[in-house]
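Novice: Listed below, chain by chain, are the residues.
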Amino acid sequence: MADAQNRRKDPSRESDTRSRGARTTRSPLAQQASSYFGHHRKVARDSARRLWQAPVASLMTWTVMGVALALPVALMLLLTSLQGVSAGWESSARVTAYLAEEVTLEQAQTLKQTVAGDSRVAEVELIDRDTALDEFRASSGLEDALDYLDGNPLPHTLLVTPSDGSRTADGVQTLLALVEGMDGVEQVQVDLGWLQRLNAMTELLGRAVWALALLLAAAVVLVIGNTVRLSIENRRDEILVAKLVGGTDAFVRRPFLYTGAWFGLGGGVVAWLLLQLSLWWLSGPVERLAGLYRSDFSLSGLTFDGIIALIIAAMLLGWLGAWVAVKRHLDDIEPGEIAGG
Amino acid sequence: MIEFRQVTKRYDSDHTALRQVNFGLDRGELAFLTGHSGAGKSTLLKLIMVMERPSAGEVVVGGQVLNRLPRRQVPYIRRHIGVVFQNHQLLFDRSVFDNVAMPLEVMGTSARDIGRRVRAALDKVGLLSKEKMNPLQLSGGEQQRVGIARAVVNKPPVLLADEPTGNLDPQLSADIMGLFAEFSQVGVTVLIATHDIGLINDLGRRTLTLDQGRLVAGAGGLHG
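First to last, the protein sequences are chains A and B.
Residues 907 to 1247, numbered by the working numbering, are exactly what the first sequence covers, in order.
Residues 10 to 233, numbered by the working numbering, are exactly what the second sequence covers, in order.
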C-alpha cells in the first residue's frame, strides 16, 4: 500500500516498474499530467455548467459582485481623472514675492519692470501695501484690531506668472531662485495653496476609495463564501462519497474553487458593463461642465489592461471566497456518520 | 491483510464500542462479522476505513499501522479499501457509469482507462446494459450491485460490506454473496458485516462474532 502511494507521488518509480515489464502504460508522467489537467478541465466545465443551469441565482450573485466591484473602480477612475486635472493646473502656479519693508513704491515699480523683462515671465502684478491692507481688512474681519496698529505692517508684493515655457516644476523653481536673489525681495512663495488643498483632497479621497475598495472586496468574499457554502450543502452526498472512495481534500475542494472563480468572472464582466454604462451616461454632462470651466477634463474609462486586471481581480476574490467557505465547511463533512449503526 | 491488535474504542467514558479485539484476516479470506446491533460491527468497519481512530491497540491494513496515519494520508488508504453499504450511497444526479467511475476519478485515472475499467466492473455485476441509466431507475438489488461495482472498480485488496443484503430477498442475497466469494477467490480480502444468520450458515465461512464490544467467536491470528 505504501508502495502504491509512493508510486503515485513519484512517477519516475512508476516508469522503473514499467521498464521491468510490470506495467504496460506508455508514459506515466505524461499520462498522469494529462489526466490531471483533463480532470481540471472537466471540473471547470462542470462548475460552469452548474452556474448556467441556475441562471437567475447566478445572475443575482454576479450582479451583487458587479455592483460591489464597480463602485470602487468608478471612484478610482474619477480620482485618476482629477489627478490629471490638477497636474494641468499645477503649471499655472504663481510666484509671490514679498518685498522688504524699506522698499519704496518707486523701487517696487522698478523691480516690477526688471522682473517683467525676463523671458520666463508672462505677467507681473504689483500690489502696493495700502491696497494689500485694504484687501486684508475687507477679507479678514479684523478691522478693529488693525485700527490699533501704528502703521501698515504689510510689504509691497509682486505676483509673478510664469510664461508658458516655464510652467513646469523646474521652470518655476529657477524663476523662484531668480526673484529670490533680487535686491529688496524679502521672501518668495509659490502660490500653491489651493493646489495643495486640491492635492490633499484627492489624496484623502484616494485613501477613502482604497478603504471602500477593501471593505467591498471583503463583502464580495463573504457573499461568494456564503453562496459556495450553500452549494456545498447541496452537494453533501457527493462530497461524502468522494471522501469515502479516497478523494483527497484537494479533489473535493476543486469544483467549489472553480465555482468561486466563475462567480468572479461573471461579477467582473458585470462590473465592467456597469462602468461602461455609467461612463456613457455621464460623458455628455461632464463634457458640458468641463466646457463651462474651459477645461479639457474628461472621464476616462478602463483601458484593455484595466479590464483584464479587473476581471482577474474579481476571479481571485471569488476564488478566495470559495476557499473561505470550503475551509470552514468541507472539513465538517466526514463520512463517519453514514456507515450506519 | 487486516489485523486488529488489542483494539479498544471508547466513545465516552461510559460507552465502549470495542474491547480488546484481536483478529487477523489473510489475503483472499472471506469472513463474516456478526453480532446484535450496537455490538460494535460498524465501529470495527469504521476503524478499518480510518473514519474512526482506536482508543488503544493497533489496526493494521496492508502492513500499515493506521493509528498514527496523518489525516492527509487517509484518502490514499481508502483507495485500497472498497466499501459496500446497506443503503448503497449512490448519487442520483448522475448515471450508473458515473457512479461507478468515482473511485477512478479521484485517483486521476485517464478517461480511456476509466471507460474500460468501469465497463469491466459493470459486466462483472451483470449491469453492463444499464450504464447510462440513473440509479433511481434500478431495483434495490440492481442498486446494490452498482454499489459493489463501484467498490471493486479500482481492484482494491480489501472489500468491506455493511449489511449488503439487508433489504434483498434470499435469491438476490445469494447472488450477491456469490459475487463476494468470487472476489475472495482472486485474492481480495472480504469482510461482510451482517446479522443474516441463515446466509452465514449456508456459506460456512469464518465468522467473527461481537458481543457488547468483545470478540466472542472467530478470533485468531493471521496464521492460526
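The hints are simulated quantities; they were obtained by calculation from the structure and are not laboratory data.
A portion of the hints provided could be inaccurate.
Distance windows between CB atoms, simulated [unchecked claim]:
hint, chain 1, residue 1, chain 2, residue 2, range
1, B, 220, A, 1237, 48 to 56 Å
2, B, 65, A, 948, 39 to 47 Å
3, A, 969, B, 180, 56 to 64 Å
4, A, 948, B, 37, 32 to 40 Å
The list that follows gives simulated cross-link-like pairs (lysine-lysine, DSSO-like), each with its CA atoms no further than 27 Å apart [unchecked claim]:
hint, chain 1, residue 1, chain 2, residue 2
5, B, 139, A, 948
6, B, 139, B, 164
7, B, 141, B, 164
8, A, 1233, B, 133
9, A, 1018, B, 141
10, A, 948, A, 1233
11, B, 133, B, 164
Computed footprint of chain A on chain B; a stretch qualifies when at least three of its residues, placed anywhere within it, have a C-beta under 8 Å from a C-beta of chain A [said to hold, decoys possible]:
hint, stretch
12, 17-31
13, 100-113
14, 209-219
Every residue gets a Cβ at the ideal spot worked out from N, C-alpha and C, and that includes glycine.
Novice: State for each hint whether it applies.
Specialist: Hints versus structure:
1. B:220 - A:1237: 48 to 56 Å: Given a distance of about 35 Å, which is not inside 48 to 56 Å, the answer is violated.
2. B:65 - A:948: 39 to 47 Å: 44 Å, holds
3. A:969 - B:180: 56 to 64 Å: 58 Å, holds
4. A:948 - B:37: 32 to 40 Å: 36 Å, holds
5. B:139 - A:948: 23 Å, holds
6. B:139 - B:164: 21 Å, holds
7. B:141 - B:164: 22 Å, holds
8. A:1233 - B:133: Distance of about 39 Å is beyond 27 Å: violated.
9. A:1018 - B:141: Violated: residue 1018 of chain A and residue 141 of chain B sit about 97 Å apart, past 27 Å.
10. A:948 - A:1233: The hint holds at about 22 Å.
11. B:133 - B:164: 12 Å, holds
12. 17-31: violated (count 0)
13. 100-113: holds (count 4)
14. 209-219: violated (count 0)
The earlier numbered hints that this structure contradicts are 1, 8, 9, 12, 14.
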